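So the sequence lines, in the order shown, correspond to chains A and B. If you count the first sequence from 1, position 80 lands on 80 in this note's numbering, and the numbers rise without skipping. If you count the second sequence from 1, position 75 lands on 75 in this note's numbering, and the numbers rise without skipping.
Note that these hints are calculated values from the structure, not bench results. A quick note: this is a predicted structure, and the numbers were derived from the prediction, not measured. Incorrect hints may appear among the rest.
[Unchecked claim] In silico SDA-like cross-links for lysine to any residue, where the CA-CA straight-line distance does not exceed 20 angstroms:
| # | chain 1 | residue 1 | chain 2 | residue 2 |
| --- | --- | --- | --- | --- |
| 1 | B | K22 | A | T79 |
| 2 | B | K22 | A | K7 |
| 3 | B | K69 | B | V83 |
| 4 | B | K77 | B | A14 |
| 5 | A | K7 | B | K77 |
| 6 | B | K58 | A | K7 |
| 7 | A | K65 | A | T79 |
| 8 | B | K49 | A | A2 |
| 9 | B | K77 | B | V11 |
| 10 | B | K49 | B | S70 |
| 11 | B | K58 | A | K65 |
[Unchecked claim] Non-contacting residues of chain A with respect to chain B, defined by C-beta distances greater than 10 angstroms in every case (computed):
| # | residue |
| --- | --- |
| 12 | K7 |
| 13 | P8 |
| 14 | D26 |
| 15 | Q28 |
| 16 | T44 |
| 17 | T48 |
| 18 | N72 |
| 19 | S88 |
| 20 | L92 |
| 21 | E103 |
| 22 | T115 |
[To be verified] Only part of the chain A face toward chain B is listed, based on derived beta-carbon distances under 7 angstroms:
| # | residue |
| --- | --- |
| 23 | G16 |
| 24 | P108 |
| 25 | T113 |
The C-beta atom is built at its ideal place from N, Cα and C for all residues, glycine as well.
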Amino acid sequence: SAVISQKPSRDICQRGTSLTIQCQVDSQVTMMFWYRQQPGQSLTLIATANQGSEATYESGFVIDKFPISRPNLTFSTLTVSNLSPEDSSIYLCSAGDSGDSYEQYFGPGTRLTVT
Amino acid sequence: AQSVAQPEDQVNVAEGNPLTVKCTYSVSGNPYLFWYVQYPNRGLQFLLKYITGDNLVKGSYGFEAEFNKSQTSFHLKKPSALVSDSALYFCAVGDSWGKLQFGAGTQVVVTP
Chain A
1 SAVISQKPSR
11 DICQRGTSLT
21 IQCQVDSQVT
31 MMFWYRQQPG
41 QSLTLIATAN
51 QGSEATYESG
61 FVIDKFPISR
71 PNLTFSTLTV
81 SNLSPEDSSI
91 YLCSAGDSGD
101 SYEQYFGPGT
111 RLTVT
Chain B
1 AQSVAQPEDQ
11 VNVAEGNPLT
21 VKCTYSVSGN
31 PYLFWYVQYP
41 NRGLQFLLKY
51 ITGDNLVKGS
61 YGFEAEFNKS
71 QTSFHLKKPS
81 ALVSDSALYF
91 CAVGDSWGKL
101 QFGAGTQVVV
111 TP
């Protein structure tokens, strides 16, 4: 199984600023994803982080608001831009290999509070 | 389109009693089904999965799940619940690319 770390673990940001979240995997993986968990809610997929190409966004999420980078097979970043209180959520990174029976492993999450 | 439903917001069970957390799914094609658990202030932990094969899947921490194609269900079970099993449980359906769609979650409360 892959071990995933995220930085920062939590942050408090002011409205209008941006936060970049880092996701590091301890092994090379094919697939990396970013999810959002709003307070008291389930997880919603934001986008697939594609290595070497632009991320693929789910309906309701756009690149200008959630730019994503994936420079290699072990690392990805998610930026949440132009923050508003509605962006207060836990953001989770996941990773896995399609050849590993589709198991996805999750990082501990980044708890973002926007004031 | 695929979806997954967890009909119970919360399940209460006494320690030592059997625990069941319900999940139903809707997919076109073969389902990839998963159970995850989330403890307070911690990330998601993988419990078990069904991709193909035996309908009874055994996972971590003594949990198991039964895949029922005719009822489109994938209920999570544990024969004897522990207080430490109290957590938020998510059922999820995945596609061949690894993307997951989660149910709303079921809070499990195990009382001593």
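Do the hints match the structure? See the list:
1. B/K22 - A/T79: It is violated: about 35 angstroms lies between the C-alpha atoms, which goes past 20 angstroms.
2. B/K22 - A/K7: violated, 34 angstroms
3. B/K69 - B/V83: violated, 31 angstroms
4. B/K77 - B/A14: holds, 14 angstroms
5. A/K7 - B/K77: violated, 34 angstroms
6. B/K58 - A/K7: Violated: B/K58 and A/K7 sit about 33 angstroms apart, past 20 angstroms.
7. A/K65 - A/T79: It holds: about 8 angstroms lies between the C-alpha atoms, which stays within 20 angstroms.
8. B/K49 - A/A2: The given pair, whose Cα atoms are some 16 angstroms apart, holds under the 20 angstroms limit.
9. B/K77 - B/V11: holds, 12 angstroms
10. B/K49 - B/S70: holds, 18 angstroms
11. B/K58 - A/K65: Cα-Cα ~40 angstroms, so violated.
12. K7: holds, 13 angstroms
13. P8: With a cut-off of 10 angstroms, A/P8 remains clear of chain B, as the shortest Cβ separation is near 14 angstroms.
14. D26: Given that every Cβ of chain B is farther than 10 angstroms from that of A/D26, nearest at about 15 angstroms, it holds.
15. Q28: holds, 15 angstroms
16. T44: violated, 8 angstroms
17. T48: Since the minimum Cβ distance to chain B is about 7 angstroms, A/T48 lies within 10 angstroms and the statement is violated.
18. N72: holds, 18 angstroms
19. S88: holds, 15 angstroms
20. L92: A/L92 not clear of chain B: closest Cβ-Cβ about 6 angstroms, inside 10 angstroms.
21. E103: The assertion about A/E103 is violated, with a minimum of 6 angstroms to chain B.
22. T115: holds, 20 angstroms
23. G16: violated, 27 angstroms
24. P108: holds, 4 angstroms
25. T113: Since chain B brings no Cβ nearer than about 14 angstroms to A/T113, farther than 7 angstroms, the hint is violated.
The structure shown violates the earlier hints numbered 1, 2, 3, 5, 6, 11, 16, 17, 20, 21, 23 and 25.
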